[in-house]
Amino acid sequence: MSDTQSLPIANRRFSRLHINRRQRTVIVIALAAVFLLSLLVGAQFMDEAGLSTSLTERNLPPTLAHPFGTDWLGRDMLVRTVKGLSLSLVIGLFAAVPSVLIALVLALASGLGNKHLDAAITWLADLFLAVPHLVLIILIAFVFGGGTTGVIAGVTLTHWPTLTRLLRAEVLQLRSAEFVLVSLRFGRSRWWVATRHLLPHLKPQLLVGFILLFPHAILHEAAVTFLGFGLSPHRPAIGIILSESMRYLSAGSWWLAFFPGLALLIMVRTFDVLGDNLRLLIDPRSAQE
Amino acid sequence: MSATANTDKPLLEVSGLSVSFIQYAAGLRQRTFQAISNLNADIRPGEILAVVGASGSGKSILAHAILGILPGNALVSGSMSYAGQELTPKRQAALRGREIALIPQSVNFLDPLMRVGTQVRFSSPNGNGTAMQREIFTRYQLAAGTERLYPFQLSGGMARRVLVATAAASPARLIIADEPTPGLHPAIVKETLAHLRELSAAGRAVMFITHDINAALETADRIAVFYAGTTVETAPAGDFCGEGERLRHPYSKALWQALPQNDFRPVPGSQPSPADLLPGCLFAPRCRLSTLECASAEPALRSIRGGTVRCHHAA
Amino acid sequence: MALFLCGRVLRLLTLLVAVSLLSFLLLSLSPIDPVRAYVGADMLRVGPEQWANIAAYWGLDRPLHERFFRWGAAILRGDWGVSMIFRRPVLEIIGERAVASLALMLTAWIFSGIFGFALGVGAAMKQGTWIDRVIKWYCLTLASTPSFWFGLLMLLTFAVWLGWFPVGLGVPAGVLAHEVTLSDRLHHLLLPALTLGITGVAGVALHTRQKLIEVLQSDYVLFAKARGESDLQLLRRHGLRNIALPAITLQFASFSELFGGSVLAEQVFSYPGLGQTAVQAGLRGDVPLLLGVVIFSALFVFAGNLTAELLYRLIDPRLKLKERYL
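Residue numbers (this note's numbering), protein chains in the order written: chain A, 1 to 289; chain B, 1 to 315; chain C, 1 to 326.
Just chain A, with the same shape it has in the complex:
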């Protein structure tokens, strides 16, 4: 009997741990969201003065006045970095929204349509995965004649296939669920089933998929801009900042590359953390470890 009495105590210890874990997940989500939002909003209110050229403050290593240093024109690198990140965020948003929409429509069509439609959509996804993403983005950006549109189109068109595969698997699983089968047997239209039954169940996956799409979109956007496609050199995109910095690296201006890249890394990682923690909250199976 004494042994069983020791159990509740052990349980209490673990249940406190458990609340911590749930709270920790929620706190991490909140912090990540606040960080990303403040980045986006902060960039709009940031002092434009930092971007003006200043001949007296050229090529300064990081100091208190300029934590990220200044570039060869005397522009403050912190301001440039924050502006660049917010630009990447916006482009990521413009690319992620249509990607998710394409993925959703194709996944629903694939799951609810007939076998041929499903095969065609799977083939189409394979087609877009047959060429390395970066090469495809270069191709698409080239076709659009460069510019922001080209980059957004390129990133959009390369990112839907993976999410489509994921959502399709989910739709196929839902499709064989009892309530869906019953609805179909009672003569409900596929459209009705898709909007009333499937969409509500797909929402969590959509949200997580949407957020996890950002890091990829942003990294690819930065990569193509770095290569010289897309955004004009006057927009302070991170890719452009980094590609310009290459010319000054051999002179030892390490801060030109180090801080903007690190900031990009932190932003991408924040999105990852946000997405993973959201998934943890929605799908606890992944938290069993």
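Don't read these hints as lab results, they were simulated from the structure.
Hints are supplied without guarantee of correctness; some may be wrong.
For lysine-lysine, the following BS3-like pairs were computed, each having C-alpha atoms within a straight-line distance of at most 30 Å [claimed, not checked]:
| # | chain 1 | residue 1 | chain 2 | residue 2 |
| --- | --- | --- | --- | --- |
| 1 | B | Lys253 | B | Lys190 |
| 2 | A | Lys203 | C | Lys136 |
| 3 | C | Lys126 | B | Lys90 |
| 4 | A | Lys115 | A | Lys203 |
| 5 | C | Lys136 | C | Lys126 |
For this one, chain A is given, so just place chains B and C on it according to the hints.
Okay, now just chains B and C, sitting in the frame of chain A:
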């Protein structure tokens, strides 16, 4: 069924064993499952003890607890002793495979990418694995080429023999057969039970975990009736006879009467979920004899007529 | 087996034809005028008549479908057109650059495979401990790292500060091609290969960790544990056997990311490979060359995927024997 075996000192003694698990539910809320609560059992050399209970009542967890191979989120309390000495996690690790062997449920417990002969040879702690494996395969009438097959190539009967062979090839004195006859052809079940009896005749203690009460009665010396994570009664196999009047616990009686050859009367209700166990006797909600006492106090283990029982009303 | 191969190859062909058709269509719709790209700086000296002649020379005055079929037939004959910026046959340029790129990718591929596998095994064996957490954190951070930025850091550290490596170019500048020694090439190859290899580690490591954890939680490992096998024995006897094939398969299936990464690494280190060629072709409107690289990259990715599937069929005894029995 040797009467002398019962007078020996127990090889394995389990007392007050409880095992619970912590799991995450939606929204990362934590739940505790009480898989085994306050369980007692013992087994002697040369004896077959059948642990009988409904499927999914946590019988495998008992086997894993004895071997010390429960997953990390398990909380264990209570005490176990092997050959008179406390069975600590460290000792369990030392005894696994050498003193205590497991016969698993299915072929899924064999490495899918390794030839079965090699896997049986691992049972022998010293070098002469190959000779030992060949000898046992011959004894179990497994063709010479069987050792070169992969698990997925085995037929149901062959798989069963190979699984028993893994234990037979080991020097273990305690063998835990965890549901070794799930949904098998009657001929294969018979053969497997015969193999278990052979092992016990050689002086090994066999714990036979099963949901099949007929198979248990056919093989075992004693039967432990397992309900909602605990053994409600342990009785000599001979007590399962007539109307069940020699049995001590209402659940054992109900189980006995539910058999097709008896009244074929099912036990009403179902086992409580291990996630929300109530205090008191775990069988109380389904018991005809249930009183206020049963709902409040857990019945203590009592020895009656050569068996043990957990019931306030047993006499 | 043969049936499976035919199916895969057929699928490859449909995808390849579709990739070429799509790329060709897209490039034909591009607002960038290929003739202008060809003429380049000579624009003011080229009259409208010459302009039309150049267009006619490439068949640009013909309807789109006719141009595609002519181009497709030429590709099949091994005539991939002439690069506008290099003024040499596309296939020749690709052949040259592919050797450099493949050397770079192979080095990085082997490095990331071995290093990533070791990291993944280490993390899974110590699951839940600080070792696991550090490895997981490291891999997840690497996965979020822009590879070109990582390349810049490598360049900064090893080439600029320490001066151990050249700042760029596949071979030393100002040295004749046949005088370039193997060690010269290796010297220039190492830094981009290391960049590509290190950033490629994350995928294999996380996948291997996941697979090994699955194996360690499997029934057969539980049984092996019940038979007294130690952690190291479990890893040696059951772990490696069951995770090696998925890891190798994943490495082959990751050719797509490898190629993408090499484009960036080559750009950072001015390494004259296919990736850099693609960037130049894209930036300067060299349509035949860009098309050539796109098709080559599609072939490369397909080769990886096909190898991955074949490996699975040839090595896994479950699949191998099933094929034989069928």
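Given the hinted pair C/Lys126 and B/Lys90, is their alpha-carbon gap at most 30 Å? Answer holds: C/Lys126 to B/Lys90 is near 19 Å, not above 30 Å.
Taken at face value, is the distance from the CA of C/Lys136 to the CA of A/Lys203 at most 30 Å? The given pair, whose Cα atoms are some 28 Å apart, holds under the 30 Å limit.
Would the hint linking B/Lys253 and B/Lys190 be met if the CA-CA limit is 30 Å? OK: B/Lys253 and B/Lys190 at ~25 Å, within 30 Å.
Holds or violated: A/Lys115 to A/Lys203, with C-alpha atoms at most 30 Å apart: The hint holds at about 25 Å.
Next pair to validate is C/Lys136 with C/Lys126; report whether the Cα-Cα distance is within 30 Å. holds, 11 Å
Checked against the numbered hints given earlier, the structure satisfies every one of them.
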